[in-house]
Amino acid sequence: MSLFLIVALPFFGALLPGLMNSAGRSACAGVTFTVSLAAFVGLLTNLPSVLSGDVVMARVDWMPALGLNFTLMLDGLGFFFALLILGIGLLIIAYARHYLSRDDNMGEFFTYLLLFQGAMVGIVLSDNILLLLIFWELTSLSSFLLIGYWKHLPEGRQGARMALVVTGTGGLAMIGGMLILGQIVGSYDLSVILANRDLIQADPLYVPALILILLGCFTKSAQFPFHFWLPHAMAAPTPVSAYLHSATMVKAGLFLMARMWPVLSGTPEWFMIVTTAGLVTMVLAAVIALFKHDLKALLAFSTVSHLGLITMLLGTGTAFGAMAAMFHILNHATFKAALFMSAGIVDHEAHTRDIRRLGGLRTLMPVTFVIVTLAALSMAGIPLLNGFLSKEMMLEEATHTTLFGMPWLVPALATFGSLFSAAYCFRLIGHVFLGPVRNDYPAKPHDPGAGLWLPPAILVVFVVGIGIAPFLAEPFVKLVTASVLGGEAEVPKAYFKIWHGLVPALFMSIAAVVGGLLLMAVYNPALRLWDAAPRPEAKVIFEAIVEAVARLARRLILPLHNGAFTRYAVIGAIAIVAAGLHAWISGTAAAPTRTMQPATPIAIAGWLMLVGATCGLVLMHRDRLLSLILIGIVGLMVSIGFAFFSAPDLAMTQFTVEVVTIILLLLALNFLPKRTPVESSVLRRVRDAGVAIAGGLATFTLAYHYLLRDAIGTPISEFHLANSYKGGGGTNVVNVILVDFRGFDTYGEIIVLGIAALLIYALTETLLRGPVRARLLNRKPDQPRAGDMHPMMMVVLTRVVMPVVLMVGFYIFLRGHNEPGGGFIAGLIVSIAVVMQYMASGFAWTSARLKYPYHGVIGAGVLIAGLTGIGSWFVGKPFLTSDFTYVRIPPFQEFELATAALFDLGVFLSVVGAVMLSLESFSRLARRADETDSEYPMDIDPSRDNPPPDAVQPARESV
Amino acid sequence: MNHWIIAPVVLPAVLAPFIVLAARYHIGIQRTFSVAGVLALMAIALGLVVQVSDGSILLYQLSHWAAPFGIVLVGDRLSTMMVLLTVVLALFVLLYAIGSGWDNRGRHFHALFQFQLMGILGAFLTGDLFNLFVFFEVLLIASYGLMIHAGGNARLKAGVQYVLFNLVGSTLFLFALGSIYAETGTLNMADLANRVTLIGAEETVGIRVAAVLLLLVFAIKAAVVPLHFWLPSSYAEAPAPVAALFAIMTKVGAYAIIRVYTMIFPPDLQATAGLHDLWLLPAALVSLAIGMVGVLAARRLDRLVAFSVIGSMGMVMVAISLFTPAGIAAALYYIVHSTLAGAALFLISDLVRTGRANLELTPQPPFGGLALTAGLFFAGAIAMAGLPPLSGFLGKLLVLDAAIGSDLVVWIWVIVLVSSLIGIVGFARAGSMVFWKSHGEAASEVASAMTRPAVLSYVAAGGLISLLVANTVFAGQMHAYTTTMAAELFAPQPYISTVVDTPGKLSKPKEGL
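The listed protein sequences derive, respectively, from chains A and B. Residue 1 is where the first sequence starts when you use full-length UniProt numbering, and the numbers rise one by one after that. Residue 1 is where the second sequence starts when you use full-length UniProt numbering, and the numbers rise one by one after that.
Heads up, a few of these hints could be off.
[Claimed, not checked] Below, a list of computed lysine-lysine pairs in the DSS-like style, where the Cα atoms sit at most 25 angstroms apart:
(1) A/LYS493 - A/LYS726
(2) A/LYS539 - A/LYS292
(3) B/LYS437 - A/LYS151
(4) A/LYS478 - A/LYS493
(5) A/LYS539 - A/LYS151
(6) A/LYS444 - A/LYS292
(7) B/LYS157 - A/LYS674
(8) A/LYS478 - A/LYS497
(9) A/LYS539 - B/LYS437
What the hints contain is simulated information worked out from the structure, not anything from laboratory work.
Let the sequences and hints guide you as you build the complete structure.
Written out as C-alpha cells, the structure is:
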C-alpha cells in the first residue's frame with residue numbers, strides 16, 4: 001500500500017467515529033478498528049521490501065521553495081515504530097471499546113485517537129524534517145485533546161495543558177534546530193541530511209542545532225528535567241495512557257534521536273548531554289516510582305525511568321548501545337502497554353487505583369494477576385522474559401561507558417536504577433495482588449470480560465515469547481539497528497541469548513533483583529523516610545510559573561491598554577516626532593532655493609489674530625462656548641489666508657464650512673456642560689503641553705523647510721493650470737481639478753461626507769434607544785431660557801432671505817466651472833438657507849414642510865455622481881471622463897454644457913443631504929429633551945391670536 | 001476600454017447609496033442586494049486575478065487623464081490578490097452578519113458595509129497617494145460607522161478612541177502628502193518612484209522625513225507598536241462580523257507599506273537609507289511580542305482575539321521589514337493566513353457569546369452549540385498560534401526561513417518562537433476555561449433556555465476555517481504565487497512604465513518631468 005495511504009488513513013478515518021457515534025458504541029469502535037487495521041495491513045504489505053533492505057519512498061511536492069515536501073520514507077526503523085503504533089493501536093481500540101462507559105462520548109474519543117495515530121505514523125514515516133515537525137506538533141495537539149478528554153476533571157484539563165506546554169515548547173525549539181540543520185545541509189530531506197554527518201558536525205551551528213533538537217526530544221520523551229508532565233497526563237482515560245506512554249508519543253523523542261543518530265551522535269556534546277540526561281532520568285524516576293501509590297502514577301514514573309534508560313543507551317553513541325535501545329523499545333512497548341491496560345482493569349473493577357487500598361486480588365482476579373505478574377517481572381528484568389534480555393544489554397553497555405572520567409559511575413547508577421526498578425515491579429505484584437483478600441474494596445473486584453483482558457494478554461504472549469526465544473526477535477532488531485546506524489557503524493555481531501556466561505552484567509542484574517527484594521522488605525520504613533524528605537512538587541512549581549507569567553503579562557499589558565486615550569496619544573506623538581527627528585538629523589540639507597516673502601502689515605495682523613486666538617483657546621478652553629468662538633476666529637483667519645494667497649475657492653469653501661460647523665457644534669454644545677471639567681493633574685498637563693509643543697515645533701520646522709524649497713521636478717499643478725480650459729472646459733482650475741482632473745478624489749470625499757451623516761444619524765438612533773434617552777428626558781437646562789424661542793423678527797427675516805440665499809447658491813453652482821464656486825460651496829450655502837429656517841421656526845415646523853428625506857438626498861447625490869462617472873463608459877471612455885460643448889438656445893447667449901456639471905450636482909446634493917441629516921439628528925436629540933415642539937413658525941404671532949376669517953390652520957402633520 | 005478594474009470601487013459605491021435611497025427600511029432587500037453585490041465582486045475579483053496572472057499590469061486612467069496629472073488605478077498581482085482576499089472575506093462576514101442578525105441591530109449596516117468595501121478595495125487598487133488618502137478616509141469613516149453599529153456604552157467609548165487615533169493618523173497622512181508633494185511635485189506612485197531617484201545626496205532631509213511620516217501613517221493602520229493602541233478595545237468591542245471584516249483593515253496598512261517601500265522608497269534607495277530599515281524590524285518584533293503576551297493577559301475572549309491580531313500583524317511586519325523578496329513573499333502568504341484566521345476567531349468568539357451572554361474568561365455553565373464551537377475554536381486557535389498543520393505554521397516557517405541572512409536573525413527566531421509559545425499557553429488556557437471547564441459547572445436554569453447560533457453562522461465561521469485549510473493544502477502554489485509577486489515588486493519597472501508612459505487626454509508621455 002502506498003505510504004501516503006498509510007499516513008492518510010487514520011486522518012481521514014478520524015471523520016468516521018464521529019459520524020458513526022449515534023450508531024452505537026460497537027459500530028463506532030468497529031469503524032475505528034477497521035481503519036487502523038487497514039493501515040496496519042497496508043504497512044505489512046511493505047514488509048518484504050523492508051526485509052530486503054530497501055527503503056520505500058513516496059514523494060509529493062508541497063512547498064518546494066521552502067524545502068517542505070510531503071516526502072515519506074519507510075525503512076527498518078520507520079517500519080518498526082509504525083508497527084508498534086498501529087499494532088498496539090489495534091489492541092488499544094479493542095480495549096477502549098470495553099473500557100469507556102456509556103457516559104463517555106466514544107465518537108469524540110476515537111476521533112482524537114485516530115488523529116493521534118495518524119500523527120504518530122506521520123512522524124515515523126517522514127523523510128522531510130519539516131514535515132516531521134508538523135506531525136510532531138500534531139501529536140502534541142491530539143494528545144492535548146486525548147489527555148483532556150474527561151473535561152470535567154480539573155486534573156485532566158491541567159494535565160492536558162501541561163503536556164501541551166511542555167511538549168509544545170520542545171516542538172518550538174525543535175523548529176529552530178531543524179531549520180539550522182536544513183541550512184547547514186541545504187536540504188530538509190532526511191535522506192540528504194543523514195548522508196552529511198561530517199558537514200553537520202563540523203559546522204559551528206552544530207551545537208545550537210543539537211541542543212534545540214534534543215530539547216524537542218527530551219520534552220517529548222519526558223527526560224529530566226522535563227519529565228514532570230508525563231505523570232500528570234495520567235488523568236487521561238487508561239487506554240490513552242496505555243497508548244501514549246507505552247508505544248507512541250513518549251517514544252517519538254526516542255525515535256527522533258535514533259533517526260538523527262547517524263549525524264548527531266558520536267560527538268562529546270551528544271554523549272555528555274544525552275547520556276547524562278538519560279541516566280539521571282532513569283535513576284530519579286525509578287526512585288520516585290517506588291513511592292507512588294497510584295497504580296498509574298507508578299507506571300508513569302516507571303515509563304519515565306525506562307525512557308531514561310533508552311536515552312542513555314542512545315547517548316553512548318555505540319552501535320551496541322543503539323541496538324540495545326531498539327530492543328528495549330520493543331520490549332518496553334509490550335510489557336508497559338500490558339501493564340497500563342491491566343491497571344485500567346483493576347481501576348475498572350475495583351474502582352480504585354490506590355495501591356494502599358488494594359491487595360489480595362490474586363484470587364479475585366486470577367487472569368489479571370497472571371498478566372500483571374508476567375509483565376512486571378519482565379520489567380524487573382527476570383530471566384525468560386523479554387525485559388531481562390534488553391536490561392542485560394543495557395548493563396553490559398553501561399560497563400563500557402565512562403562519564404566525567406569515572407568508569408564506575410555509569411555502571412553503579414545503572415545498577416542502582418535497576419534495583420529500584422525491580423523493587424517497584426515487586427511492589428506492583430506484591431501490594432496489589434498478593435497478601436490477604438480485603439473486604440473494603442470500593443467495589444467487588446472480579447476478572448473482566450475478554451474484551452478487556454485479551455489485549456494485554458496478547459502482549460504478554462510477546463513478552464514471554466521473546467523472553468524464551470530471543471533469536472526470533474534478533475534478525476528484526478538487527479534490521480532496525482542497521483537502519484538506525486545508517487551505515488555510520490557496523491551492526492554488532494552479538495547474539496541475542498539468555499545466557500551470556502558469567503559477565504559483569506549478570507552480577508549487576510542479580511544485585512539489582514536481590515536488592516529490589518531487600519528493599520521491598522524494608523518498604524515501610526523507606527516510605528516514611530521518603531514522605532519525611534522535602535521534595536519539589538513539579539506540578540505546583542509548573543502551575544506557579546505559568547500563573548506568574550500570566551500575572552506578569554497582565555501587569556504588563558492591562559494597565560498599558562486600559563483605554564486612557566491621552567496616554568495612547570502621548571506615546572503615539574512621541575514615537576512620531578522621534579522617528580521624524582531621527583530622519584531629520586540623519587539627512588542632509590542644502591540652502592533654500594526660494595526667498596522669504598516680505599511680511600506685510602496685513603499678513604502680520606492676520607498672523608497675530610491666529611496666534612492670539614489659538615493661545616486664547618489653549619488658555620480658556622474650559623469655557624466651551626468661548627472656545628467655539630475662538631475656533632471660529634481661527635477658521636475665519638484661515639479663510640482670509642486662503643484669499644490672501646489667491647485661492648478664492650478655498651476661501652469660500654472654508655468660510656461656508658466654518659459657518660455650518662459652528663452651527664452644528666452649537667447644537668451639540670446645547671447638550672453638553674458649559675465647562676470642561678479638570679480631569680488631569682498639573683504634572684500630566686505639563687507633560688501633555690511638552691508633547692504638544694514638540695509636535696508643533698516639528699510641524700513648524702517641516703513647513704518652514706518645505707516652503708523655502710522647490711520641488712525636485714515640475715509640480716503636476718503646472719499641467720492642471722495649462723490644461724484646465726483646453727481639456728476640462730473650465731477656467732476655474734480649482735473646480736476643474738475637483739470635478740475633472742481629480743474628480744475621483746471628490747467622488748470619494750462626498751462619500752465620506754455622506755457616510756459621516758449616516759453615521760451621525762445611526763448614532764443618534766442608537767443613543768435614543770439607550771440610557772441616554774432617559775437622561776435627555778430628565779435633563780434640566782443649566783441656563784435660563786429665553787421665553788421666545790422663535791422670535792418673529794428672525795422668522796420674517798429668514799423667510800425673506802431664503803430665496804435670495806437659494807439664488808446665490810444656484811449662481812455659485814453654475815459659475816463654478818469658470819469662476820470661484822462649484823457644487824460643494826453651493827451645497828453649503830443652500831444648507832445654510834435651510835438651516836436658517838430650522839433655527840428660526842424650530843424642528844417640527846420645518847420638517848413638516850420637508851418633502852425629501854435627507855437620507856435619500858445623500859443617496860441620490862452619490863448615485864448621480866457615480867452614474868455620471870459610469871456614463872462615460874457608454875462612449876468608451878474611462879470612469880468620470882468629462883466632456884463639454886457649447887450650445888446656444890435663443891434668446892440666450894451661447895453657454896457651456898459640461899458633464900462635469902452633472903457630477904457637481906451630485907456633489908451638491910450630497911453636501912446638502914449630509915449637512916441637513918446631521919442637523920436633523922442633533923435636533924432629534926433636542927426633541928427628546930426638554931424642548932417643546934411647536935407646529936407654528938413663531939411663538940408670538942399676532943395673526944394667529946387674532947386670525948383673519950379666511951385663514952387656514954397650518955397643517956398638523958406628524959413627523 | 002476595459003472597465004473591470006474600477007468595478008470593485010464603483011459597484012459598492014453605487015450599491016450603497018441605492019440601498020440608502022430605496023431600501024433603507026427593508027432589511028430583506030438590503031440583504032439581497034448586499035450579498036448579490038459581494039458575489040458580483042467576487043466574480044470581478046477573480047476576473048482581475050486571471051487578467052494579471054501573466055504579469056500584465058492593468059492601468060485605468062480616471063477621467064482619462066494620464067498619470068501623474070490625473071488619478072490612475074493600477075492592477076498587478078499584488079493588488080488583485082488583496083482585492084480577491086477582501087471580497088472572499090466579505091462574503092463570509094456578510095453571511096455571518098445575516099445569519100446572526102447583527103445587521104438588523106442598528107441602522108444602515110449594509111450601506112456602510114458596501115462603503116467599507118469600496119474604501120478597502122479602492123485603497124488596494126489606486127496608484128495615487130492622495131487617492132489612497134481618500135480611500136483611507138472612506139474606509140475609516142465607514143469602519144467607524146460599522147464599529148459603533150448597534151450602540152452600547154462600551155462600544156461607543158471604544159469607537160471614540162478608534163476614530164480619534166485614526167484621525168491623528170489621517171492628519172499625519174496629510175502632513176506626509178504635503179511633504180512629499182513639496183519635495184517632488186507629484187503624488188502618483190509610479191511618478192514618485194522615478195522622481196525620488198533624482199534627489200541628490202546633498203538635500204535628503206525633506207524626502208527622509210516625508211518617507212518616515214508616510215510609513216508611520218501606514219504603521220498606525222497596521223497596528224505596529226507603539227501605534228497600536230487603538231486596536232484592542234475597538235476590535236474587541238466592535239460587533240463580531242465587523243471585527244472580522246476589520247481583519248483586512250490592518251492588512252491595508254501592510255499592503256501600503258509593501259507597495260510604497262518596495263517601489264517608491266526601495267531598500268537600495270540612497271536618500272532614504274538608514275531609516276525604517278533600522279527601526280521597523282525591532283518595532284515589528286515588539287508588536288509580535290506584545291500581541292502574544294496580550295493573548296495570555298486578556299481576561300475576555302474578544303480582547304484575546306484582538307491581541308492575537310496585533311501579534312499576527314507583528315509577524316507580517318517582521319517579514320515585511322526584512323525588505324527582501326523572500327521576506328515579502330512570506331509576508332504576503334502570512335497576510336492571507338492572518339486575515340482569515342483573525343476573522344474566523346472573531347466570528348467564533350461571537351458564536352460563544354450567542355450562548356454564553358458574555359466573553360469573560362471565567363467558568364460558566366455549558367452553552368448552546370458548545371461542541372461544534374469548541375471544534376472551530378480549536379482550529380482557529382491552532383491557526384493563529386502558528387501550530388501545525390494549518391497555514392500559520394507554514395507561514396511561520398517561511399518567515400523564519402526568510403530571516404536567515406538578516407542581522408537580527410537570532411532575535412527574530414527567539415521572539416517568533418517564544419511568542420508562539422506564549423500564544424499557545426494563552427489560547428490553551430482560554431479554550432480550556434471556556435469550553436472544558438464549563439463541563440465542571442452545574443448547568444443552571446438559564447442553560448435550558450440557551451440559544452444555539454444559527455446554521456448560517458456556522459457556515460460562515462466554518463467557511464473561513466476551510467479556507468485556511470485550503471491555504472495550507474495549496475501552500476506550495478500560494479507561496480509560488482507570492483514569490484512571483486515579490487519578484488514583481490522588486491522589479492517595478494514594468495509597473496512604473498505602464499503608468500507613466502501611457503498617454504491620456506492632452507498629454508504625451510513624460511511631459512511633466
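Against the structure, the hints come out as follows:
1. A/LYS493 - A/LYS726: violated (98 angstroms)
2. A/LYS539 - A/LYS292: Status holds; Cα separation ~15 angstroms.
3. B/LYS437 - A/LYS151: holds (7 angstroms)
4. A/LYS478 - A/LYS493: holds (9 angstroms)
5. A/LYS539 - A/LYS151: Holds - the C-alpha atoms of A/LYS151 and A/LYS539 are around 19 angstroms apart, at most 25 angstroms.
6. A/LYS444 - A/LYS292: At roughly 23 angstroms apart (the allowed maximum being 25 angstroms), A/LYS292 and A/LYS444 satisfy the hint.
7. B/LYS157 - A/LYS674: Roughly 21 angstroms between the alpha carbons, so the hint for B/LYS157 and A/LYS674 holds.
8. A/LYS478 - A/LYS497: Holds, because 14 angstroms separates the two Cα atoms, which is no more than 25 angstroms.
9. A/LYS539 - B/LYS437: Between A/LYS539 and B/LYS437 the Cα gap is close to 19 angstroms, so the pair holds against 25 angstroms.
Taken one by one, the earlier hints fail for this structure only at number 1.
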